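Each chain, written out:
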Amino acid sequence: MKSYVARRLARAVLLLFAVSVLCFLLTRLAPGSFFDEIRLNPQISPQTIAALQARYGLDEPLPLRYGRWARSVARGDFGFSIAYNTPVAQLMWAPAKHTLLLGGVAMLLCWLISIPLAVWSAAYERSWFDRGVSALTSLFISIPEIVLALALLAFAMRSHALPVGGMTSVGFDELTAWGKAVDIARHMLAPVVILVLVGTPVIVRHLRASVAEVLHAPFVEAARGCGIGGARLLFRHVLPAAANPAISLFGLSLAALLSGSLLVEVVTGWPGLGPLILDATLARDLDVVVAAAMLGAAMMIVGNFAADLLLLAADPRIRTGSPDAG
Amino acid sequence: MNSQPSAPATPPPLLRVQELAKTYIRRGSFTQPGARVQAVKGVSFSIEAGSTLGLAGSSGCGKSTVARCIGRIERPDEGKILFDGHNLAALSFRELRPFRPAIQMVFQDAATAMNPSFSAADIIAEPLLIQGIGTAEERAGRVRQAMQEAGLPAEWSGRAAHDFSGGQRQRLTLARALVLKPKLLVLDEPLTGLDVSTRAQIANLLLAVQAAHGIAYLFISHDLFLLGHLADRIAVMSEGQLVEEGPTSQIMARPQHAETRKLLAASGRQLAPAGAGR
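If you read the sequences in order, they're chains R and L. Using my numbering, you'd call the opening residue of the first sequence number 1 and step up by one each time. Using my numbering, you'd call the opening residue of the second sequence number 1 and step up by one each time.
FYI, nobody ran anything at the bench for these hints, they're computed from the structure. None of the values given here were measured: they were computed from a predicted structure. A portion of the hints provided could be inaccurate.
[To be verified] Covered stretches of chain L (chain R as the covering partner; in silico rule of three or more C-beta atoms under 8 Å from a C-beta of chain R):
| no. | stretch |
| --- | --- |
| 1 | 71 to 82 |
| 2 | 101 to 108 |
| 3 | 123 to 135 |
[What the hints assert, rightly or not] Footprint (simulated), chain L over chain R, 3 or more residues, beta carbon under 8 Å:
| no. | stretch |
| --- | --- |
| 4 | 115 to 122 |
| 5 | 218 to 225 |
| 6 | 231 to 243 |
Glycine included, C-beta positions come from ideal geometry on N, C-alpha and C.
Could you put together the complete structure from these sequences and hints?
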């Protein structure tokens, strides 16, 4: 077990290194530079621009620049943002927390809604409830996220039921702790609803299919033959046996915690990583872009690893080969 | 369960099945219309306490449906299943619960008949849990006892079902059935798919368990030769109906129905390389 974790960690480090080299190279090879806009200004001389480029080391060869960037990662700065004139880590810390809050709440709701929906619609296969769930999930899978987001925004604007844009109201600092929580929750409602509408159907469909399959297994009949029925049959006998695809999906949704909501954040004006990364990309503030990509890769590794550990814990069939079968 | 309505001179049989019928409705699709398949029609027989009735028939004759109706995994459409004076066919899932311990089932494919995410101890203890029997400690004791009775070392209780070999898995399902101390065991092709020596071991185990506890068996098989060794009486099914029934010696020596003769000939031929499955 220990050597397994060590092997996985070593592979993760290697993978992150490869991702960093690729990200770094590809962003530097892309056309355009942070100083392109200033270059259009006739009042700034080419000498000034060359001096600026030299100051940020943009005139050096690529291997040198990568080395400098790697040292900055080792220091915990994760590069330097030219646009904000600060280390990237400092710049990304607050938006990352906001994104994590939004993603975490949305993920929790997704799973709390999906599991009972999927289990019950499999248990009452072909019933009106099942057909209804199936129709709704098909509908929301086929509507693009951006359309849902715009529709909900339009509704919020016209009905004035929800605040639009940002995370807090004017005068947030004067509110009590409870008032602050309510204010954030109200601002979060629109992006969370969009994320849940987009995320839930996928989980429901996968889990429903595997639960329906397990429900036809002989061991479920054997359990019924022992008088086991209802919720106990569904949640103690069937769900654990059907959980594997859902656990893999859970790993993916962990991986998407910091990257799954970026588009929704941009559209609804949530002050998370989404708007920051969009601006950085357009402005060619490259270290921020690379750091964001690295963050996504790291979360993917963490999510997959968590899913593998959960599978190992949940399914004795996967544990085969381990000496401690008892 | 000791209420016996107007006890006659001879004790009534443990199980009396009367005019059992079950029809499945095969769901149609866009291209195929739905269809009604009558799996069992008008089947009647009885089993004395502690004895074995062998139910024989070729595949698709409805013998498994009879087993599922008696184990009440299915609800029969017509007929009575009289067990200890109660008609099980008329009871709801909830009402059946107190009767479940008395009738237990063993399935053909032990690998799929046990929850893959449970340990052996969980698999055997679950029937006790659902019946609300005993404290955790008492249940653990009964699990160990059932495993020993089925010929499994009690130390293996923490293993998952897939860590056991084919024959051991069938012993595990037998332990699950025995843990509730049943009066009737419905065995649906329990030896099919096992290799010859394992078949003999499990068959001997079943005989020993019956001798020790006086459990009645409804033993379902397509192999008349095997039933000739295990059963006191044999009933033969064909196309959903019972075509012949009698003491084992009589059925084996003087088969009356064409289906019985066919099964007898077939099981004679497959004697050497047994375990052809269905």
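Right, here's what the structure says about each hint:
no. : hint       : verdict
1   : 71 to 82   : holds (count 3)
2   : 101 to 108 : holds (count 3)
3   : 123 to 135 : holds (count 4)
4   : 115 to 122 : violated (count 0)
5   : 218 to 225 : holds (count 7)
6   : 231 to 243 : holds (count 5)
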